[in-house]
Structures are given as structure tokens and as C-alpha cells.
Amino acid sequence: MLKKVFVVAVLVVFAILLFRSYGLMDAGTRLNPVATRYAQDGPEEVGAANLVTAVIVTYRGLDTLGEVTILFLTASIIGFFLASGSHQEPRSAQGTGTSEILQTAARVITPIIFLIGIYVFINGHLTPGGGFQGGAIVASGLVLMLLANPGRKVSHTLISAVESISGISFVILGILGLILASGFLDNSILGPGRFGTLFSAGAIPVIYIFVGLKVGAELSGIVSNLQQTTKEDT
Amino acid sequence: MIPLKIIAILLGLAILVMAFVAVENKKLVVSIIAAGAVSLFASVLYLVLAAPDVAMTEAAIGSGLSTIIFFYVLNKIKKERKDHA
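For the protein sequence lines, the chains are A and B, in the order given.
The letter at position 141 of the first sequence is residue 141 when you use the working numbering, and the numbering goes up by one with no holes.
The letter at position 48 of the second sequence is residue 48 when you use the working numbering, and the numbering goes up by one with no holes.
Calculated directly from the structure, the hints in this document are not laboratory data.
Fair warning: this is a prediction, and the values are worked out from it, not measured in the lab.
Each residue gets a CB set at the ideal place from its N, CA and C atoms; glycine is no exception.
There may be inaccurate statements among the hints.
[As the list claims (entries may be wrong)] Over 12 Å on every C-beta distance to chain A, these chain B residues come out as not near it, computed from the model:
1. Met1
2. Leu65
3. Ile68
4. Ile69
[Said to hold, decoys possible] Covered stretches of chain A, going by a simulated chain B footprint (3 or more residues, C-beta under 8 Å):
5. 4-18
6. 121-130
7. 219-225
[Said to hold, decoys possible] Calculated pairs, SDA-like style, for lysine to any residue (alpha carbon to alpha carbon, straight line, at most 25 Å):
8. B/Lys78 x B/Ala35
9. B/Lys5 x B/Ile15
10. A/Lys4 x B/Phe20
11. B/Lys79 x B/Thr67
12. B/Lys26 x A/Pro150
13. B/Lys76 x A/Pro150
14. B/Lys26 x A/Ala9
From just these sequences and the hints, can you work out the full model?
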């Protein structure tokens, strides 16, 4: 009873706060100064057709590095806790219980999902999407593969090698920007290219390939860690 | 052509309904799927609000990967309970 009263009270307070802030909010018809600066000079300075990517990778590149680091930390903490709970001797699951339909469909769809993921992060500077989205799509392709064949093992050595190499390359590219161009993660270390083509926007495609590989490897690592420990407990 | 405002309001209502189902349903499996549906509707809403980049992230991570991870964890918990019983 008391719990319900508390819940209702919190909801009422939250509703009042929301209603008040709704009154305060005015729909912005103009961009604020920073956004105006990005929108006007972004295409010329960065050369990316997708302005969101220009902001994420170049103007706010340091934040992206931080996000990737946080994701790495999360993946390692999950791996650590799952590994400490049980010994790492994955038994091969015999007689996998998945249906024929799922297995066949997964065999057809998985390569296509991988291809879409790679397309999304390579074309991050042209079309919506980028490293994070592409990496997540690649990881979900791997999830489908693991769901269809639970006995399958994913090489952790491969995952951590891909993850570390792309992480280091990302930072090295950033430092190259510091040395060759005007600042950390400056994308003008490579030529600007022709606006709107695949080889444009300087180093953004290269950076996004590394970000995509890193995110994909991290998320795949989380999922395969979970899958292997669930399998062991059977 | 339905105006975007009405689509956005309908999507918001769908999100609220799904969130209510996720909280109130007694079966955890239904709750997980409803939580995934919240993310899916939210990603469509982002698309309507002209933010395709955010919509892709939400669809891939919110409704795809996190739902799967919830299922793996639920499976693990169920098995551990069975072992202890």
C-alpha cells in the first residue's frame, strides 16, 4: 500500500516537472551558434556529405574516442565477471536443439548482415550510420550465427586481436592528425577527395572502419562470452 | 498522407503501452520482448523526427543486441535455479 502511494507520488511530481518544462520549451526555429558554424563550414572543412559524421568524427572526435573506451571497459568488465564465475573449458554442445529452418536461414542471412554492417561503416561519411551502427550490425550477424549453431566457438584471440589493433590504429590516426595537420583526429591528413564520393572526407572513412571493427569486436566479445558461459552450465 | 505529428503521437502511445506491458507483465519473456518493442518504436520515432543515425543505433543496439543479451542472461538464471532446486 505504502509502496503504491510512493509510486503515485513520484509519478505526480514527475508529471508536474515535465508539464512545467513543456511550458518553458520553445521549439527552436534557428540553429544555435555552434550548430550554425558546423552546418555552414562543415562541408567545406571536413568534406563529409553526412554532417552528423563530420561532427562525431572530426569536431567531436575526442568524445568518440571516449565512447569507444567506455565500451571497451564494459566489454572487459563483463568478460572478467563471466570468466571468474566459471572455468573456461567450453564443452562442445552435442545435439544442438535449433531448428532446421533457423539454421538454413541463418546460413543465408548472416553474410548479408555482415555485408550491410560493413557497408554502413565504410559509407559513414556519405549515408546515415557509421562506426557504431555498423559495428552493432556486424555483432548482431554474429549473434544470429551463434543462435543457429550454439556449439560453434568464436575465437577470442581473433576478437581481441581485431579489437586491439583497430583501437591502436584509431589513436595513431588521431596522433598523426596532431603531427601532420592542425589537431588531434584532424581528418585532413589524407586528401579531401571529391565531395560525395567514397574516397572523400579525408581520414573519416579510415577512422570509421577502425571504429566499426572495434565496436563490432567488443559487442561480439560480450555476446560470445555470455553464450559460452551459458553453454558450460548445462 | 497522414501528417507526421499524428504518426509521432501514435508512436509515443505505442511506446507507452509497450513500456506498461514490460513493467506489469508477470512473464519475464514477454517483458523482454515488450522492452525490445519499446526500442523498436522509439527507433521509428527517431526516423520520423529526421534522425536516421540515432534510429539505426537504437534499432541495432536497443532492440537487437540488448534483447538478445537479456535472453542469454534469463536462460542462465533459469538454469542456475534448476540446478539449485
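Hint check results:
1. Met1: holds (22 Å)
2. Leu65: violated (6 Å)
3. Ile68: violated (5 Å)
4. Ile69: Violated: least Cβ distance 6 Å, not greater than 12 Å.
5. 4-18: violated (count 0)
6. 121-130: Contact hint for the segment 121-130 of chain A vs chain B: holds, 3 residues under 8 Å.
7. 219-225: Holds: 3 residues of the segment 219-225 of chain A have a Cβ under 8 Å from chain B.
8. B/Lys78 x B/Ala35: Given pair B/Lys78, B/Ala35 holds - Cα atoms ~19 Å apart, limit 25 Å.
9. B/Lys5 x B/Ile15: holds (15 Å)
10. A/Lys4 x B/Phe20: Cα-Cα ~15 Å, so holds.
11. B/Lys79 x B/Thr67: holds (18 Å)
12. B/Lys26 x A/Pro150: This hinted pair is violated, its Cα atoms lying about 28 Å apart.
13. B/Lys76 x A/Pro150: holds (14 Å)
14. B/Lys26 x A/Ala9: Holds, at about 24 Å.
Violated hints for the displayed structure, listed by number in ascending order: 2, 3, 4, 5 and 12.
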